[in-house]
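**Student:** Quick note: the sequence shown, position 85, residue 85 per our numbering, numbers continuous.
Note that these hints are calculated values from the structure, not bench results. Incorrect hints may appear among the rest.
[What the hints assert, rightly or not] Below, in silico cross-link-like pairs of lysine to aspartate or glutamate (EDC-like), each with a Cα-Cα straight-line distance of 16 Å or less:
| id | residue 1 | residue 2 |
| --- | --- | --- |
| 1 | Lys73 | Asp113 |
| 2 | Lys19 | Glu66 |
| 3 | Lys53 | Glu103 |
| 4 | Lys6 | Asp91 |
| 5 | Lys92 | Glu71 |
| 6 | Lys57 | Asp21 |
| 7 | Lys94 | Glu60 |
| 8 | Lys19 | Glu8 |
| 9 | Lys92 | Glu110 |
| 10 | Lys73 | Glu103 |
| 11 | Lys53 | Asp21 |
| 12 | Lys73 | Asp120 |
| 13 | Lys6 | Glu24 |
| 14 | Lys57 | Glu33 |
| 15 | Lys88 | Glu71 |
| 16 | Lys38 | Glu20 |
| 17 | Lys57 | Glu3 |
| 18 | Lys53 | Glu33 |
| 19 | Lys19 | Glu33 |
| 20 | Lys38 | Glu66 |
| 21 | Lys127 | Glu71 |
| 22 | Lys6 | Asp21 |
[Claimed, not checked] Computed beta-carbon distance windows for the label pairs:
| id | residue 1 | residue 2 | range |
| --- | --- | --- | --- |
| 23 | Lys93 | Ser58 | 35 to 41 Å |
| 24 | Ala109 | Asn74 | 42 to 48 Å |
| 25 | Asp89 | Ser42 | 28 to 34 Å |
The beta-carbon is built from N, C-alpha and C at its ideal position, and this holds for glycine as well.
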Amino acid sequence: MSEEFKLEIVNPEKSFLSKEDVTEVVVPAFEGEIGILKDHISIISFLKPGAIKIISKSGEENYYVEDGIIEFKNNNLSILTSFISNIKDMDKKKVDELLKNAEEFTQNAEITDQNKFLVDQKIDFLKRIN
Numbered sequence: 001m002s003e004e005f006k007l008e009i010v011n012p013e014k015s016f017l018s019k020e021d022v023t024e025v026v027v028p029a030f031e032g033e034i035g036i037l038k039d040h041i042s043i044i045s046f047l048k049p050g051a052i053k054i055i056s057k058s059g060e061e062n063y064y065v066e067d068g069i070i071e072f073k074n075n076n077l078s079i080l081t082s083f084i085s086n087i088k089d090m091d092k093k094k095v096d097e098l099l100k101n102a103e104e105f106t107q108n109a110e111i112t113d114q115n116k117f118l119v120d121q122k123i124d125f126l127k128r129i130n
């Protein structure tokens, strides 16, 4: 019996990734990391900045996301995000640029608690991969 399910990641520019042979996905949800396998219960959740790990028959892939929404239903995982990048393609210069922008954003006196939490998550993750 197959343990695979379908994954589609969409960002504003295009359908970023579509795979039919996924066996596991780990996402950085607000509730913590969520691991999704075939026949997982239906779920909708918000993403926080972090890594999406995709395990499929073709290997493991890791992507950085800043935000988004996931929905898993009937063995179809949909991820909608405003920013996604393959971690292996992120050079030090790009990571430093993202870090600088995030750190500058935290200096805004009118930042909300929710935005501060998300930016802190982003900074922590980017420092780990740098």
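**Student:** Take a quick look at whether Lys127 and Glu71 sit within 16 Å of each other, Cα to Cα.
**Tutor:** 28 Å, violated
**Student:** Decide if the proposed pair is consistent with the structure: Lys19 and Glu8, CA atoms, cutoff 16 Å inclusive.
**Tutor:** Holds. Lys19 to Glu8 sits at ~7 Å (cutoff 16 Å).
**Student:** Check whether the Cα positions of Lys94 and Glu60 lie no farther apart than 16 Å.
**Tutor:** 22 Å, violated
**Student:** Does Glu103 lie within 16 Å of Lys73 when you go C-alpha to C-alpha?
**Tutor:** 37 Å, violated
**Student:** Verify the proposed pairing of Lys73 with Asp113, using a straight-line Cα cut of 16 Å.
**Tutor:** The given pair, whose Cα atoms are some 31 Å apart, is violated under the 16 Å limit.
**Student:** Quickly compare the C-alpha distance for Lys57 and Asp21 to 16 Å and report which way the hint goes.
**Tutor:** Distance of about 6 Å is within 16 Å: holds.
**Student:** Quick check on a hinted range of 35 to 41 Å for Lys93 and Ser58, using CB atoms only.
**Tutor:** 29 Å, violated
**Student:** Would you check the hint for Lys53 and Glu103, treating anything up to 16 Å between C-alpha atoms as holding?
**Tutor:** 25 Å, violated
**Student:** Keeping to a limit of 16 Å between CA atoms, is the pair of Lys38 and Glu20 held or broken?
**Tutor:** 12 Å, holds
**Student:** Assess, step by step, whether the Cα of Lys19 is no farther than 16 Å from the Cα of Glu33, and give holds or violated.
**Tutor:** 21 Å, violated
**Student:** Holds or violated: Lys88 and Glu71, Cα atoms, limit 16 Å.
**Tutor:** 25 Å, violated
**Student:** Would the hint linking Lys38 and Glu66 be met if the CA-CA limit is 16 Å?
**Tutor:** Violated, at about 25 Å.
Hint compliance for this structure: hints 1, 2, 3, 4, 5, 7, 9, 10, 12, 14, 15, 19, 20, 21, 23 are broken, all remaining hints hold.
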